[in-house]
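J.: Let the sequences and hints guide you as you build the complete structure.
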Amino acid sequence: MIRLLTEPFSAPYMQRALVEAVMLGVLGGIVGVHVILRRLEFMADALTHTVFPGMAAAFVVGGSLYVGALVTGAISAVLLTMLTRNRRVTSDAALAVLLTGFFSLGVILISRSHSYTADLTVLLFGRVLAIDLTEIAVTAATGIFTLIVIWMLHKELVLRSFDPIAAEALGYRVVTLDLVLNVIITLVVVASVKAVGSVLVIALLITPAAIARLIVARSVAKMMAIAALFGAAGGWLGLVVSYEGSVHHGLRLASGATIVLTLTTLFFVSLLVVVVTRFLRSKNSQPALTDSDFVLSGDAFPVGP
Amino acid sequence: MTSLGSTFSSPLMQRALLEAIMTGAIAGIVGVHVVLRRLSFFTMSLTHATFPALVVAEILGMSLLTGTAVFGLFVVGIIALVSRVRSVDSSTATGVVLAGGFALGVVLISSQPGFSRDLTAFLVGSILTVQTADLVTTASAGVVLLIALALIHKELVLGAFDPGSFAALGYRVLVVDIALLIIIELTVVTAIPAVGTILAVALIVAPAATARLWTDHIGVSMAIAAGVGATSGFIGLVISSRYDIAAGPTIAVVVATAFVVSTVVSPRHGWISRLRITTPLTTRA
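Which chain is which? The protein sequence lines are A and B, in order. Per the working numbering, the very first residue in the first sequence carries number 228; after that it's consecutive. Per the working numbering, the very first residue in the second sequence carries number 11; after that it's consecutive.
Please keep in mind that the hints were generated in silico from the structure rather than gathered at the bench.
One-sided and incomplete, this derived list gives chain B residues near chain A with beta-carbon spacing under 10 Å:
hint : residue
1    : 53
2    : 92
3    : 129
4    : 134
5    : 210
6    : 254
7    : 261
8    : 269
Just so it is clear, CB atoms sit at the ideal spot from N, CA and C, and this is done for glycine as well.
T.: The structure is reproduced here in structure tokens:
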């Protein structure tokens, strides 16, 4: 069993992939807790798509994917804010239009290149096995910066999630806090796109945090720890499964997608366990905590500042 | 003008244009209900989760329409079940299922030869390869969808605006909701040949969101959405063939442009008109 978990990582490229996948799992898990608390799932999904044309442009002209993604990430944050200010348009519709529009621009850019379909596949689904040391360094730097910001603003961000009015009354700038969180989400998306691709990043942000939310509902810090743990485990197990399938069973499994599928499986297993234990507990005794659920704030899908 | 004429002369292009116009009109009309009920994110997850079904149907050689429709509804069931668990709210469930469904499709397709090419057709459509049989499928799906929408129009609108009185009047809320979900899923499946799974949501949401900026009336809004959808399909296809760029994404960009322009110039709800009557922009609570 132990050998199964370590054997795939004898080759250097698999070691690099493991380091990258585990770092992204931890980062996505921790930031994802805020995404879920603020119900920014759709917003995060939109960001993963809107950074795509920047990557595509950088890809076509041979520039840095990170820079391209950052530039469009910033532009889309502004556009999202402006579009969602129009009260006639519900924020979810504006997000959907902006998301698909930006994404399409990226595909159009790529469609001019000679190896259209192969290039598109790399940008959409990433290449965690082709990660080099520079990219690992970029991910590590982004991760450390992001975690420091989240740690420093922990109290403010949590307060803003649960009670925006109190946060405002205490003198915190809610708009600024929202902006900080959106920038953090963008940074995580940008750091992850090269490994898992722009379509699958959303799983790193949502699924580990959703698992953590199933397991603990009281402490945000504990949720973050559990989400980070599951994110890392998903990255590790996903690579193992993908390696086993490809090397020992002749079944080629795309590694990024296998990581996501592993996380999804972990979610459903946790869901099952939680539902069954709750059912058993409720049969034996009265539930100890009746008001244990979070009181979430805001609209169905609040967007940005 | 001559080059535009020659664009239409090839049967391949004629089929593509017909498909684009029909799909645009159907998606536009159904989209009005999606936008009314704020189901954009949900539709998005439906399109992503339909993706593995498309792959399975392709691998097994099944009919795409039945294969994907059945699986899509299965996904809706999963989302509904998962959201019922306390401490998972519906947007989280939607997000998890969306990403998981998509990854499942990618894993399935990566185990097949010809990985990149097939994937691209599924993701962003390949409208230039539609056959006459596909046109017949789209047309019949369109007729069925429009008849279904017409039959339960009153129920759908009332349910969207006032679910409380809708239930009090004795209507079965669940039945109408499920009917609408089936209609949306069928629309997604119909739109896939033209714009693919990722962009189907563009054709559904953008024309309807555009229409809402121009009118308050549901019927008129459907007419405008159908017009915007069909016109965008037409213009997008012509531009893509002129400049030799991917067709599905071009259609999506055209329809997104229609929406963005409308948010600016719409007579009552656009930025320009609101600046003129000096309403503060920050009216949103």
